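Taken in order, the sequence shown gives residues -25 to -1, 1 to 465; the numbers are from mature numbering (1 follows the signal peptide of the UniProt record, and there is no 0).
The set of hints was computed from the structure by calculation and includes no laboratory data.
All figures in this text were calculated on a predicted structure; none of them were measured in a lab.
Backbone N, C-alpha and C define an ideal beta-carbon position, used for all residues, glycine too.
Errors might be hidden in some of the hints.
[As the list claims (entries may be wrong)] In silico EDC-like pairs for lysine to aspartate or glutamate, Cα to Cα no more than 16 Å straight-line: (1) Lys83 to Glu105; (2) Lys85 to Glu58; (3) Lys59 to Glu40; (4) Lys393 to Glu330; (5) Lys223 to Asp250.
[Stated by the list, open to error] Have a look at the derived ranges for each label pair, beta carbon to beta carbon: (6) Arg386 to Ala115: 47 to 55 Å; (7) Gln157 to Ser111: 38 to 46 Å; (8) Leu447 to Glu363: 32 to 40 Å; (9) Pro394 to Pro414: 29 to 37 Å; (10) Ser368 to Asp87: 52 to 60 Å; (11) Asn399 to Ala378: 37 to 45 Å; (12) Asp87 to Val297: 17 to 25 Å.
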Amino acid sequence: MKAHTALWVPVAVGLMLSACSTTSSQDSGSGETSQDMEMSTNQGNDIPDPEQTAADSSDVQALEEALSKNQAELDRLSSLLDEKDQRIAQLETDGTSAEALLDLEQEKTKRDALESRYQALQFENSQLQEQIQQLSAENATLNEKITQLVNESSQSEEWQQHYLSALDEKQSLQQQVVQLRQQNTFLASQLAAAREEHQLLRKQYNQLSIAPSESNAREQAQAEQISSLQASIADYQAKIRQQEMALKDYRAQVISLEGAIDSHADMEARWLAMDQKLATAQANNTRLAEQLATAQASLNEKNQQVTDLNEALAKLKNDLGVLENDTISLQAESHSMDLQLASSIRAVNWQLPNEMALNNTFEILVTASVAQPVLGQSYEAELITDSEIQMISNAKVRANVQAGRLQWRWRLTGLNEKPEAEMNLLVRQQMSFNNQTIPRLVYQENQSLALINTNLFEKYGYWTIAILLGLLGGFLIGRIGKGKAPVKVS
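Using the sequences provided together with the hints, build the complete structure.
See the structure below:
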């Protein structure tokens, strides 16, 4: 119990230090924000407080001390794991007795526990190293900004702008650090779940590997019982044969006594005694026959039990094979999912015109390169346009990775005039897992182009005709009104 406590003490200390560093960074961030607000309102010319840099340096030293302690604990756990591996190898070579198998399983359980602690400390070390790097980078950035602000011009407005931009950059870096920690926590929970599933599968595998040895022991016990029953049956059969021989002797004696009964009257009592012996022998024969039948029934029952045990053993072996195949397929699917998650899109290029006349068909070509491509991986691109643009081809286009490149093509036409017609591009990775396709959004972007109406008649003709018709109507109305006017008589 003391050994387990000694193992977990460094882990608890490391977690407390990481929590303290996170709290101190958050407190310092809030303090700096309040100072920024005061400086922006009062328009002061003070340089940032160096106590923050000293606090960050102390946090870095504390994290480095926790890292050194965890490294020492990792070295000790590594030596313990080596000892457990040697012990397991020795137990595997000693034999397959029940005690050896029990010791082997106990050693494997202890080794799994040590390995889980070792991996937890490694994960904590990686987190501590990331925190140290982040704090060191933040300290270096702050020192550079402070030096730059001191050496720059003494004008208050320019100094405040540079200072506020530096603080904004630091706040964005702190937000990125918080997001990375959340992602690390999520990945740690997934890793713990995967380890629990691996340990559960390992326990099931151990139980299934132990089951055949237990069934073999049962078969040996059943075989010993069957051999003892067969020996009892043989003894009963020998006794029955002896009784039959005795019956034959008794019958011969009865016949000889019956022949001599006339001459020897005193032999009647002897004949009655022999008759009683005959009845006793027949009763013994009946009892032995019943015992023989009982033994035969017990033998049949034991044979049936042996058959059932053989069938159960075959089923256990089949289940063990299925479990091993499922484990292999699960590991393959997990490795494939890791490769697909590591793949990403970069260097996306658009080929489209800046402006296009209405009712003219034009083409948009989008190309991209894939980092860490997966063989046979497909990406589906969806182009979403405004209502002024009509999609001639399908909006969703799927392309496979070829030589680390992707290419999508669409055909469109303009319907109405618009200076900036927007188009949104969504790219989804078609991930394959367990014979299922899972779309994952990996890229999105928007572009715009100008739709111009080049038909002058359609653009201005209707207005010209309307104006001319209005003028003509006014002229005709004037002429009609003039014709109906009364003639003045002088």
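Against the structure, the hints:
1. Our distance criterion of 16 Å between C-alpha atoms is broken by lysine 83 and glutamate 105, whose separation comes to about 33 Å.
2. For the hint linking lysine 85 to glutamate 58, the alpha-carbon distance of about 11 Å falls within 16 Å, and the restraint holds.
3. Using a Cα cut-off of 16 Å, the hinted pair lysine 59 and glutamate 40 is violated, with the two alpha carbons roughly 29 Å apart.
4. A distance of roughly 10 Å separates the Cα atoms of lysine 393 and glutamate 330; the hinted pair therefore holds under the 16 Å criterion.
5. Under the criterion of a C-alpha separation no larger than 16 Å, the hint pairing lysine 223 with aspartate 250 is consistent with the structure, at around 13 Å.
6. At roughly 52 Å, the beta-carbon separation of arginine 386 and alanine 115 lies within the given 47 to 55 Å, and the hint holds.
7. About 21 Å separates the C-beta atoms of glutamine 157 and serine 111, a value inconsistent with the hinted range of 38 to 46 Å.
8. At roughly 35 Å, the beta carbons of leucine 447 and glutamate 363 sit within the given window of 32 to 40 Å.
9. At about 34 Å, the beta-carbon gap between proline 394 and proline 414 stays in the expected band of 29 to 37 Å.
10. Distance hint check for serine 368 and aspartate 87: the Cβ-Cβ separation is about 56 Å, which falls inside the suggested range of 52 to 60 Å.
11. Hint check: asparagine 399 to alanine 378, Cβ distance near 28 Å, so the stated range 37 to 45 Å is violated.
12. Between aspartate 87 and valine 297, the C-beta spacing of about 23 Å keeps the proposed range 17 to 25 Å intact.
In this structure, the earlier hints numbered 1, 3, 7 and 11 are contradicted, and the remaining ones agree with it.
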